[in-house]
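The hints should help you fit chain B onto chain A, whose structure is shown.
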Amino acid sequence: MLSNYVIRRLVFMIPTLLAISIVSFGIVQLPPGDFLDTYISTLEADGGDISGIEIENLKKRYRLDEPVVVQYWQWITGIVFAGDFGWSFQYQRPVSDVLWDRVGLTFAISLASLVFVYVVAFPIGVYSAVKKYSVGDYAFTFLGFLGLAIPNFLLALILMYGALTFFGQSVGGLFSPEFAEAPWSWARFWDLMAHIWIPVIIIGTASTAGLIRIMRANLADELNKPYVETARAKGVSEGRLLMRYPVRLALNPFVSQVGWELPSLVSGAAITSIVLNLPTTGPVLLIALKSQDMYLAGSFIMILSILTVIGTLVSDLLLAWLDPRIRYK
Amino acid sequence: MDRSLSDADSAVSVLPQRAEPAGDVVLEVRNLSTEFSLRTGVLKAVDDISFTLRRGETLCIVGESGSGKSVTARSILRIVQSPGRVTAGEILLHGVGGDAARTVDMAKLDSRGSEVRSIRGKEISMIFQEPMSSLSPVHKIGFQIDEALKLHTDLDKKDRRTRTIALLRRVEIPDPETTVDRYPFEYSGGMRQRAMIAMALACNPSVLIADEPTTALDVTTQAEILDLIKELQTDFGMAVIFITHDMGVVAEIADTVCVMRHGAMVESGPVGALFKNPQHPYSRMLIGSALRLERPAELRLSRPRIDEHKPPILRVENLEKDFAAHKGFFRRTQSVVRAVADVSLQLREGENLGIVGESGSGKTTLGRCLLRMIEPTAGSVFYRRPDGSEVDISCVGRAELRQIYREIRMIFQDPFGSLNPRMTIEQIVGEPLLMMGWKPKAVRERVVELMERVDLKATFLERYPHAFSGGQRQRISIARALAPSPRVIVADEATSALDVSLRAQVLDLLLSLQAQMNLSFLFISHDISVIRYFCDRVAVMYRGEIVEIGDALAVCDNPQHAYTKALLSAVPRPDPTQRRIHERHRYVASG
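Going line by line, the protein sequences match chains A and B.
Just so we're aligned, residue 1 is where the first sequence starts under UniProt numbering, counting upward by one.
Just so we're aligned, residue 1 is where the second sequence starts under UniProt numbering, counting upward by one.
Where hints are given, some of them may not hold.
[Said to hold, decoys possible] Below, simulated DSS-like cross-link-like pairs (lysine-lysine); rule was C-alpha separation at most 25 Å, straight line:
{"id": "1", "chain 1": "B", "residue 1": "K44", "chain 2": "A", "residue 2": "K132"}
{"id": "2", "chain 1": "A", "residue 1": "K225", "chain 2": "B", "residue 2": "K150"}
{"id": "3", "chain 1": "A", "residue 1": "K225", "chain 2": "B", "residue 2": "K44"}
{"id": "4", "chain 1": "B", "residue 1": "K457", "chain 2": "B", "residue 2": "K439"}
To be clear, the hints were calculated from the coordinates, so they are not data collected in a lab.
Only a predicted model underlies this, so the values are computations on that prediction, with no experimental measurement involved.
Isolated chain A (complex conformation) (with noise of 0.2 Å):
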């Protein structure tokens, strides 16, 4: 049953990311003009000059005389069968020099914080529904209000002072000077794991009180279903009544948000790491859009649109996992 699901999910993820690629091409090409238009007139605005011939030259070197079906051809059949994605224009480097060496630590950051998100709010969001209107209850809601309402940015600038002024912490980047081009070594993790914690927090808080206000909402409901007594005219002793049954049919929509956080966590991160100066993804995304490198920027957007159909079928087979409904159906 279980096998059968997961093949049918495996492929249609296929078409899936075909249109994905299809669609993130496109929308980089859909603005006027290619790279070199924006390279030329940043060039002319630093009072350079470029010669026709030049620019032939280059539109040759990069193919951008070509129709943008064939680019897309290119690009795609390139990262399919070569794992090439394709030239950044603006870092003249392949795009996968670019993207894996950010890709990594975007990753262990976001990993992170989806693990932060949930060992916070799991605990906080069951304590809420079941002291629902308990002071607790307040102090956290007001809590949680308060890291939904707070934009990323500002909670970096905060905490980057509060850590310099308090700890003395060298702030932004994810390593101390020292070890930012070492190889890897304990002390160099040691390092890393000294300065995650504020990216972390501060990438985590916002999806955090989401998911509290999500858990409190549905165990809230299930607390009050018939299965709930029955398992109490039963005898069972309310801690284990409490974890076995309403907190497990409440995980639901807990986990399914994990589809939804994966993605949300390596975009949204993107003014965090400005202000961070975190050498992850969300910055370079940033500046290839501005710039018109397409290669670059169709990568990541395609990366990105892989990660969120990865984290809905994660969620999806935790959900069949956990729910036989579903794994029945």
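Relative to the frame of chain A, chain B by itself:
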């Protein structure tokens, strides 16, 4: 329903019998009060009630919605939810743990403590109304029964499983070795209630509290469950507290009856005496309402005969509806469920035609296909316009359908769900008129007139639905249906959600409106007594087909088809001297 006696016997032997002399008092409730502290004040949900329950006895607590009968049951088990609290009285449980001398006062225990938990599910068990939602949807049936055994016995895993299977077999779940590992959604409603009973009986309790356990079930399933409870009661010698609103069920199973109203006990006594000579006016009203629905309505008998030679207002011919089920990798249509199969019927002008059947018989689908709320797969529905011309509803265009929707209206079952909570009564009732392009002033006048027709005050117009009781809401639904002066009303279980005393009132209202406004009713219901009271003719549906159609009284008193016989004989009558569910006809269609 086949059952093997040897299986049942072996199951009983698994469960230890209690060694107690018959006739002993097992539970005494003295001056019990339960209060809910609300923002608006203190609500006495249970107000100073007392009763005694003996081994092997069935005590029925009867009352209408809001009478406090369910809170009484929960108070005994001490599972009343906050802000509810047992505030006074004693709940004496005798013979705790098989020790005849040991008595525990449940009212004194901490409602979250371990002592009260050791009694729940072991000494006193409870089954609930909704077999759909009372079992956890994500745990296997076997797990949920096993949990009770794990809590209250020291059997090991293997023995517990053996006993779980024996229990399922005892409650006549087919093939328990396999079905024990199924989830509740793979069980039918009746099977789930059986599984609930198996769970409640797992530890051989001395008291079983059943809170409306058959209300959500079909009558034939209800009869099976009532039979099963009676049988298990005899075998296990337990006492049963049976909570119900249905006087028929009371008459069928009770030894003793407590009548509750507004949290207080207005009358109690042996069932025979209560039905023969009820003392309290409320008891008389309850029994009277039930008996009233045993006969056709007086309003209906007094009106002129329907002209059988006039052409019918609605003519259904060979109507079919198939639902496709999709399965497999590519979700192809694999099987087809025929919800309505080749149904033909005619509704005469001024007539009330009943459609009766159990859940899944296709009666609701039929009603919706008539108005194209669901598209029928095949067949025609001819509607005769006021000018005498006929139109086939099943193939008219959008514009014409909207015109027809003003002349054929629907009333739904759920008086809570079918009114938009964000609209005032005036907006709800006037909406169809506004859609027809009426001016607001004219709408208001019409709405006031409609409110008077359905016996509601015109001062209610500015209020929202939540301010009204179930009966009032159903009157509002009726007013909405009547707004564009329709000719035909399709009522789908229009009175099923109402208390019995209100049911007859609403039906009388519909009959008087029929006389005033020359209406014809297609009345869909699972409730035979409502059909007998309200309808001139009745069509009996079973598995999508009409198995019998004819004069309502003739069908009810002298059914011809074997299924109709089974259906009618499963209905409990409000007369304790005519207990007959046990001798009912049974019908299983071949194939």
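Inset, instruction - Could you work out which earlier hints the structure fails to respect and list their numbers in ascending sequence? - result: As far as the earlier hints go, not one is violated by this structure.
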